Every structure is written in C-alpha cells, then in structure tokens.
Amino acid sequence: MTIQLMQGNEAIAMGAIAAGCRFYAGYPITPSTEVAEVMSRVLPKVGGKFIQMEDEIASMAAIIGGRVGGLKSMTATSGPGFSLMQENIGYAAMAEIPCVVVNVQRLGPSTGQPTAASQGDVMQARWGTHGDHQIIVLCPISVAQSFDLTVKAFNLSEKYRTPVILLTDEIIGHMREPIELPDFDIVEKFERLVTDTPDNYKAYRNDRGDVPALAGFGLGYRYHITGLFHDEVGFPTQRLDEIDPWLERVSRKIETADDILLYQTDYEAGARTAILSYGASARTARHATKQMRAKGEKVSLFTTQTLWPFPEKAVEELADSVDKIVVPEMNLGQLALEVERVVGRKKVVRVNRANGDMITPNMVLEAAEA
Amino acid sequence: MSEHILSVHDLDVGEGQIPREDWFEASSTLHNLRKNKKFPTIWCAGCGLGVIMGSLIRAIESLGLKNDQVALVAGIGCTARMPVYMDYNTMHTTHGRALAFATGLKIARSDMKVIAIMGDGDALAIGGNHFIHAARRNIGITALVVNNSTYGMTGGQYSPTTPEGMRATTAPYGNVEPPFPVCDLAAAAGATFVARSTAYHPLELDKHLSEAISNEGFSLVEAVSYCHTTYGRINKLGSAADMMRMLKDNSISKSAYEKLGEDERETNTKIVRGVLYRKKRPEYTKTYDSLVERKHEEEVKLRNTGRR
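These protein sequence lines map, in sequence, to chains A and B. Our numbering applies: residue 1 is where the first sequence begins, and numbers increase by one. Our numbering applies: residue 1001 is where the second sequence begins, and numbers increase by one.
Certain hints may be false.
[Claimed, not checked] If you want the ones that stay clear, here's a sample from chain B, every Cβ over 10 Å from chain A, calculated:
1) T1090
2) T1154
3) A1188
4) I1234
5) A1240
6) M1244
7) E1258
8) E1266
9) Y1277
10) R1281
[Stated by the list, open to error] Listed below are several chain B residues computed to face chain A (Cβ distance under 10 Å; list not exhaustive):
11) N1036
12) D1068
13) L1291
14) V1292
Because the hints were derived from the structure by calculation, they are not lab data. Since this is a predicted model, take the numbers as computed values, not measurements. All C-beta atoms, glycine included, are put in the ideal place defined by N, C-alpha and C.
Pulled out of the complex, with its shape left as it was, chain A reads as follows (with noise of 0.2 Å):
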C-alpha cells in the first residue's frame, strides 16, 4: 500500500477495477474521459475487455449486455452522454441487470460549459427515463471517496440487481488529492450465486427473497430477458396478478434495504443551524463549517452521500433540532426540493450557483448567519 496522488476520474477507474468490474464500454465526452482512458489501458492487463462504442446509447447497451454476458460492467459520461443512457438505464432497471453508470457532472443544459463544474443531473440521476422505478445514486466529495464509493456502487448494483449512478462533478473528477490504494485482492466483492438448477430457475422470482439471483448467459438456464412487463420466467405479460408482485418486490428492494443510505454527521450539541450538502459543495460547506466554529457560532454538518434513495429519515431528524438548514448546492435548487419535502419549506434556505463557478464558502456563511 503505497500513497499516490491521483484524479477522482482515475480513482473511479481503480474502485472498478478492484471491485471486479471487467468490461466497460463508454464513448469520449468531457470531463468524464480519463476513467475510459484509464479503463483501457489497465483492464487488458487483469484480464477485462474494453471498447469504444459509436455513441453514448450504445456504451450503455452494451455494459447491459456485457453483464447478462457475466461480466461486472460499467461505462462513464456526462450530461450530453448520460441524457442519451436513459432508455437503457430504465431497461437495466426493468430487466434488473446489474451495472454502474459515472456521470462526471458539467454545467447544462444541452453542451453547457464542459469543462465547467456542475450538479445539474441530481433529478435526472433520479427521473431521467421514463416511467416510475427504484435507482442508487451515490455521489463523492473526495478522490478518496471515489474510490470507495465506486466500490460501494457495484457491490450495491450487484446486491439489489439494480443500476447504481456514481453522480460526481468535474470539481471531484479532475481534482488530485492523495489517497492511498487497498489491495484489490482484499476488497469485498459482492456475488449472488445461482443455487436453483437450470429446471427450477426463474430469472424474475418473487417468492424467495427480494433479489432473484441473475444466471449468465450461456450456462444452461435459458430464460428471456425483455423490457416489457414480464412474469417470473422473464415472458412478457399484461396479467395484473403478475405485474403486481413485481412491481411491489422491485420497490420494496431498494426502499426497504438498510446499506445504502451513505452519509455523514457532524453535529454541534446545541445547534440551531445545520448545513446539508453533497458533491463539491460539500467541501465547501466544511469550510464555512469550520469557519463558524472558529468564530464561536454553533452549527452542524450534514454531508450525504447516498443522494436517492434520499435519507429522509436522517434528515428528519435533524430537522428537528434544527430551525434551519442550509443547503448549497451548483444548481438551481434540486436537492434542497427533496430536503423541503421532508422538513418543510421554511426551515430550507437555498443557496445555489449554476454558472459553472463553485459555491463560496462566504455564500453559505451568510445564508448560515442571515
């Protein structure tokens, strides 16, 4: 274990590949490139695969097929790229295929700045296909977290048969911090292994447990994967007695689950004030953190990284210790919307930023003091 200094993109890369990601497929876009770049040179080495693909719907077609293929998948973008993934994010979270999707955030819509910093996507990471499902959006403050969380994100995809988003930003992708590397070997690796014979497999099962386990192709469970409403075997089907079961069981996995929400506290006992961020903005909401402490102002620090499914619970109970919480984000106000529904909207000021600059910490000092 040696210390290096390296880029939130490149950590991405190396938590994927220590988790036993062995195929990614990705397409070139701003300012997400470098976790394909280094995608390609270091997965031929451990024995993955790596490609190019023609546009950013293909890139995430193919990880989906890659994955049903056996292999732990992921592919990176950002906004333009990560608009075009959205209709096979929703498949992937229909036919529960398990895969990780970056989107190293820049300032939108439409070409926006890129290489700009953003956190633009944090409803899209949410509602950006179509339809109502359940999906994990893990997001990092630090290289160091990155890694961790990258980890975290195929272990979670892999757990709960599930695409998991890594939402980061070009602040923490292309920020070098130093951070020091586990042995890959060392690293928990989540596997759900297919106990059922191929005579008594159901890919979709809703009887045994909330998570299925997905038998690769190729290996004698021949069953049917579509997009298309399907019973347990994976047929298409337009039977309510059917569709319910699913629909409850594929909620209820990621609702109910106890290991994904992801944050950190650091309360003040005594507190009226709370600040709550993510993301670059997290970083500056230390700073202003540390700043009031500094000048005898109480204040505590809510920084998640678990964005959705949201911690409401957490954050409820902040709230009620709490007359105010802050919440900077460089957008125009998207996470503090889910923090509004949870504590109402006159504990939450906002304090946004969408011009591709960072957040001040003074910004989040006056909101704090005002």
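For this one, chain A is given, so just place chain B on it according to the hints.
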C-alpha cells in the same frame, strides 16, 4: 415447414399443459420452441415471420449447436418478438439497440453464437448507426434483418426500406424518400458475409443463415418479407398469399441475375437472392482477446519478476 409452425397454435391449449413429447421429437423446429411459452405468437395470421423463425431454428440445428451456446438478441417491433418463442438464451432489448446489446454480450462471451434479430426500421433507422459500426468492427454477430418495408407494429408508417412512391400511414401521398439497399450498406460498412432471400424461399434462408452463423465475423442475412396487414392493405397489394406470391414473382436468384445481359441487369427491379458478398477479415473479439492475453501475460511476468 409452415404446417409445423401453424400447428403450434394448437399446442398450449390449457395453462401449464405440456405438449406431447413426441411432437417435439418429430420436428427440429418444434422442439426448439419454448414449451412453457403460450402460443399463438403475436404475429398476424399469414405473416412471413413464422417461416423465417423456422429457417433460423433449422439453421442453428444444422450446425449442431447446443441451445445453451446460442443467444438471440432483438430490438423492438414485430420481428423483434421472435426470440421469446425460441428455447435459447434470449433478450428483447430497446428499439434499435439490439446490435449494441449484442456487442457487449459477444465481448463477454465470445464463445457463444450471438444472433441479432431486427426489422428494417429497428436495424436501419433508429439502429442504423449500430448497424454500420458492428459491421465495421466485423464482430462475430449474425444480423438477421427481416425487411417488410414498413413499421408493422405501429401500424404501417414508411421505413428506410419503403420503396419510393409507395404509400404508408405517414406517407399518404406516396413515399418521397429513396430506400436503403440493405445488403450493399452492410458490405460497404465491412460485413464479411452478406446474403438475401425471401420468406417465400425458406430453404434458401436455412442455407444462408447457417452459413452466416458459421462465419466468424459480422454477417447479414436480409430476409425479405411483407406486411399484408398494414403496408399491403394501404397499397392494395392483396392478401398474405398474394404478397407471398409477389416475393416469388418479383425475385431472381443471383445465378439467374448474373446470366442477364448488361442492359437487363441495369433495368432489373427484382430482388436478387443469394450470397451477395463474402470476405475474410479478422474478427473483433478474436483480435481483442489476443490483445488481452498478451497484456495479461506481460503483467504476470512483471509481477513474478518483482517489477510490479
């Protein structure tokens, strides 16, 4: 052949009832259909798709492949519903993206025979980009494009293969766009086996498909079919049987075509059936796998010598 396919309609009369084993023993097409899938198919009576599905099964069977070795990946549309009825590893994906999903699968499982099943709209309009890039890579996938010149499932809109002047629900005054020559497109983009036949000529399709599947690289088989329900009705082309007859009358074998004089060839409007293009070129996954092997060995050597 079509008799067997049609008799499948009688198979699954009661829920969960498994048809008599000897029916399946008697026919290769039947025993490769899914016994636990409720028939009939979603296709209209008289559709050419059943015939083409029969050809695909016979082609796979003729190569002695195990069902576990074969994966069928389809997009969206009438044609793309084909895999669900067949007892292989089957995947019904998103519109236009069958080849992109198939590419990922083939890379992960280069030992498997991956067949992408698409209609003309699926493969050439929304999926046109994936089509040319899969051909360019010469990745070992067989693309079966069933060309019925229309979007059947959505009710008969004009497609990238609708001939000029023909009518569609979105071309009520006649189509003003020229069609793609599917086989030429595949060959120009880099496919290494290209063949065409029609739903009227299942024995030819059997042969083309088996050759396509055994080709190491990217293969295209264009199966010309028809949609009597939408396109045929709108253009007053008659019944399914009439349109099937048209495939016979309006097509010509490649050998007969080559015997035509130059002028006749110039003015030929008939569909040319046969193997149209063949080339030897390295297959994508073979090339990439050898790269992986080389880098992997180097890495192991570095580790063993303590340099990494």
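Hint-by-hint comparison with the structure:
Not every C-beta of chain A lies more than 10 Å from that of B:T1090, the closest at about 5 Å, which undercuts listing it as non-interface. With a least beta-carbon separation of about 16 Å from chain A, B:T1154 lies farther than 10 Å from that chain, consistent with its non-interface assignment. Against the 10 Å criterion, B:A1188 stays outside the reach of chain A, whose nearest CB is about 16 Å from its own CB. With 10 Å as the threshold on Cβ separation, the claim that B:I1234 sits away from chain A holds: the shortest Cβ distance comes to roughly 27 Å.
The claim that B:A1240 lies off the interface holds: its Cβ sits roughly 24 Å from the closest Cβ of chain A, which is beyond the 10 Å cut-off. The claim that B:M1244 lies off the interface holds: its Cβ sits roughly 28 Å from the closest Cβ of chain A, which is beyond the 10 Å cut-off. Distance check for B:E1258 against chain A: the nearest CB is about 35 Å away, which clears 10 Å, and the non-interface claim stands. At roughly 35 Å from the closest C-beta of chain A, the C-beta of B:E1266 stays outside 10 Å, upholding its exclusion from the interface.
The non-interface label for B:Y1277 is consistent with chain A: the shortest C-beta to C-beta separation is roughly 22 Å, beyond 10 Å. Listed as outside the interface, B:R1281 is consistent with that label: its C-beta sits roughly 18 Å from the nearest C-beta of chain A, beyond the 10 Å cut-off. Restraint check, B:N1036 versus chain A: the minimum CB separation of about 7 Å is within 10 Å; hint holds. Annotation: interface hint on B:D1068 holds; nearest CB of chain A at approximately 5 Å, less than 10 Å.
For B:L1291, the interface hint holds, the least distance from its beta-carbon to any beta-carbon of chain A being 6 Å, beneath 10 Å. Proximity of B:V1292 to chain A holds as hinted, the smallest CB-CB distance being about 5 Å (cut-off 10 Å).
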